[in-house]
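Okay, here's what each chain looks like letter by letter:
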Amino acid sequence: MDAVLELDGVTHRYGATVALDTVDLRVMPGECVALLGPNGAGKTTLTSLVTGLLSPRSGRIVVAGGDPARAATRARLGVVQQRVGWPRTLTVAEVVHGAAVRAGASRLHVEPALAEVGLAELRRRRAAKLSGGQQQRLQLAMALVASPTLLVLDEPTTGLDAATRRDFWTTLATRRDRGSGVLLATHQLDEAAAVADRVVVLAHGRVVAVDTPNGLTSRLADRIVSARTCLDVANLTNLPGVLDLDATDGRLRASTTQPERLVRHLLDHDPSLGDLRVEAVGLEHAVLHLTEGAQTPDGTTPVDRARPRPTTEVHA
Amino acid sequence: MSTTTTTGAGAAITRPDTTTRPPARTGRVLANELREELLAVIREPTTLFFTVAMPVGFFAMFVGLWGTEPEGTTNVAAMMLATFGAFGVIGVALMTPGIGVAEDRERGWLRVKRVSATPLPVTIAAKVLACMPHALGVVGAMSLLALVLAEPGISTVAWLRVLMVLVLGSLPFALVGLAVGFLASPNAATAVLMALYIPSSVASGLWMPLDMLPDALARLAPALPTYHLGQLAVSQLEGRAGLEHAAALLAFAVVAAGGAALAYRRASP
Ligand SMILES: Nc1ncnc2c1ncn2[C@@H]1O[C@H](COP(=O)(O)OP(=O)(O)OP(=O)(O)O)[C@@H](O)[C@H]1O
Ligand SMILES: [Mg+2]
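These protein sequence lines are chains A and B, in that order.
Counting from 32, one number per residue, gives the positions in the first sequence under our numbering.
Counting from 130, one number per residue, gives the positions in the second sequence under our numbering.
Hints are supplied without guarantee of correctness; some may be wrong.
Just the calculated beta-carbon pair ranges, DEER-fashion [what the hints assert, rightly or not]:
| # | chain 1 | residue 1 | chain 2 | residue 2 | range |
| --- | --- | --- | --- | --- | --- |
| 1 | B | R395 | A | G313 | 37 to 45 Å |
| 2 | A | G313 | B | R164 | 48 to 56 Å |
| 3 | B | A182 | A | G46 | 38 to 46 Å |
| 4 | A | R114 | B | V383 | 31 to 39 Å |
| 5 | A | S86 | B | A153 | 24 to 32 Å |
| 6 | B | R395 | A | G40 | 22 to 30 Å |
| 7 | A | N70 | B | A345 | 53 to 61 Å |
| 8 | A | R114 | B | V384 | 29 to 37 Å |
| 9 | A | R156 | B | W195 | 46 to 54 Å |
| 10 | A | E37 | B | P328 | 47 to 55 Å |
| 11 | B | R395 | A | R114 | 14 to 22 Å |
| 12 | B | A182 | A | D98 | 41 to 49 Å |
| 13 | A | D192 | B | R164 | 33 to 41 Å |
Sample of chain B residues lacking proximity to chain A, with all beta carbon distances greater than 12 Å (derived) [stated by the list, open to error]:
| # | residue |
| --- | --- |
| 14 | W195 |
| 15 | G266 |
| 16 | L349 |
The set of hints was computed from the structure by calculation and includes no laboratory data.
All residues carry an ideal CB built from backbone N, CA and C; glycine is no exception.
Based on the provided sequences and hints, a complete structural model is requested.
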């Protein structure tokens, strides 16, 4: 089976800013690859290269067997961009019709595409008058109308309500079953964990990890131990492996690389211990951990800002 | 192209592969782009009003003042129709597509077009052709005014020749507008294009005859494409083809097309 997207050693610069640094990436038919990473990591730059908006300074990009700089190649692409706008004078149906014509698909696909994203009733509304979430759906209808080989989605669910989000992923699953590959740039890590076959983590333009969502989270030895306890949590910080501690309303929440150690300590010292749980960290934690080494221009690390501060100093 | 003429949901079932081949597609894409541009004119006719009203207003003023004075072999009103007509269509072609594309770009609609499978020449051709209704509107309105305010005294054939060279000859100017529109914001594009438009029109004798201008300016005129369009239109009145002016405009068109294509590639996404 041929990959629907291949990147080999792709580098892109904006002036002195290196936005992408020798990135390799592959998406197979029917596969969903999520592109994760903090703001400015290079996700939009990567999707712009794949959709032909930018050309790489070096490296090779093959989309559906072709060069994205060629219009004929882009006919096999479906794109949802992070930010777009609409002409004041065209209706929803006209905009999707235009997308069908440009991609060489029949106008007969327009109505089904509108129905698929739930915009059939708004077909006569001016595109520019749609709400934010409706505009996102309109972009999806345009992306789907020509049955693309590869879907490139840059934060497609931003601004969508819960029900629309669910419908969005259902629609996408149908298209993946029919063989469309998906490249998804997102900050919704719960969604990425649920839908992606593989996750590519970017930090400052470099790929820092490629793995399944489960593979990524299980790479970290960290576990979250939580329980109701009457122990003074300040004493627990000295236990080996304990990273963060948090206690509110008598409930302890600790992240540790040695969960057995902490659990044994709790059981030994607190006869009234209750509601004990040990959980793997989420994808969010794993991504933060992977990207924390990379310094941001303001000198802080993403993790400093996002991770809860240990509260032990307060108790001590 | 039978796939495009079928309508109704039933046809989709009997014809599962409805993808058209590239040459047919290019034609359909161009037709669709033109349709979208025309819909914009129909739904927001105020843009038509403003691009047409300004040059036609000037024309009315000048013809009202001097249109009935005799001059040489050709009637003044007829001369003014040719030169102000050139001024009008150049304004339309420079400003309408260029500012339109700058607005599309600022809005984020150009990004949608650019990731779609539209070939660059089709995008540019559609934008250029779409200003033709405006150009026809300008020349049509000026012709009516000339009839009402003065006696232009030109044959229908001569008038048709003027109309044709003005509308076709305006197209290269649209390429310049597009080049600017691909790179600048709507406000900056308006300013830059106005700064090109008005001085070069005056220096080309489109407002008043060249012999009324300072010598230095008059000598500069043949270097300007605006001059050649004006002269091409005047030639039609005098029954000449004006091939040297047509050739100059063609050369200008080639350069402008290259500039527009380069600007498109450099346009920020
Ligand atoms: N047009 C541009 N000119 C200059 N620098 C740019 C441009 N676009 C992006 N950058 C820079 O390139 C880097 C990568 O930006 P990019 O938009 O790809 O990040 P991202 O991962 O999509 O971020 P976000 O999550 O905020 O959308 C950033 O440092 C950004 O400031
Ligand atoms: Mg982005």
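Each hint, compared with the structure:
For the hinted restraint 37 to 45 Å between B:R395 and A:G313, the CB-CB distance of approximately 43 Å keeps it satisfied. In this structure the supplied range 48 to 56 Å holds for A:G313 paired with B:R164, their Cβ-Cβ distance being about 50 Å. At roughly 44 Å, the beta carbons of B:A182 and A:G46 sit within the given window of 38 to 46 Å. Between A:R114 and B:V383, the C-beta spacing of about 36 Å keeps the proposed range 31 to 39 Å intact.
For the pair A:S86 and B:A153, the supplied restraint of 24 to 32 Å holds, since their beta-carbon distance comes to about 28 Å. At about 25 Å, the beta-carbon gap between B:R395 and A:G40 stays in the expected band of 22 to 30 Å. Between A:N70 and B:A345 the CB atoms are about 57 Å apart, so this pair conforms to the stated range of 53 to 61 Å. Taking the beta carbon of each, A:R114 and B:V384 are about 34 Å apart, inside 29 to 37 Å as hinted.
For A:R156 and B:W195, the hinted distance range of 46 to 54 Å is satisfied, since their beta carbons lie about 52 Å from each other. Look at A:E37 against B:P328: about 52 Å separates their beta carbons, and that is inside 47 to 55 Å. Against the hinted window of 14 to 22 Å, the Cβ-Cβ separation of B:R395 and A:R114 comes to about 20 Å, which satisfies the hint. Evaluation of the 41 to 49 Å hint for B:A182 and A:D98 yields a pass: the beta carbon distance comes to about 46 Å.
Between A:D192 and B:R164 the C-beta distance comes to about 34 Å, which sits within the given range of 33 to 41 Å. Here B:W195 stays apart from chain A, with its beta-carbon at least about 40 Å from theirs, past the 12 Å limit. No Cβ of chain A comes within 12 Å of the Cβ of B:G266; the nearest lies about 18 Å off, and the non-interface call holds. Every beta carbon of chain A lies more than 12 Å from that of B:L349, the smallest distance being close to 38 Å; the non-interface claim holds.
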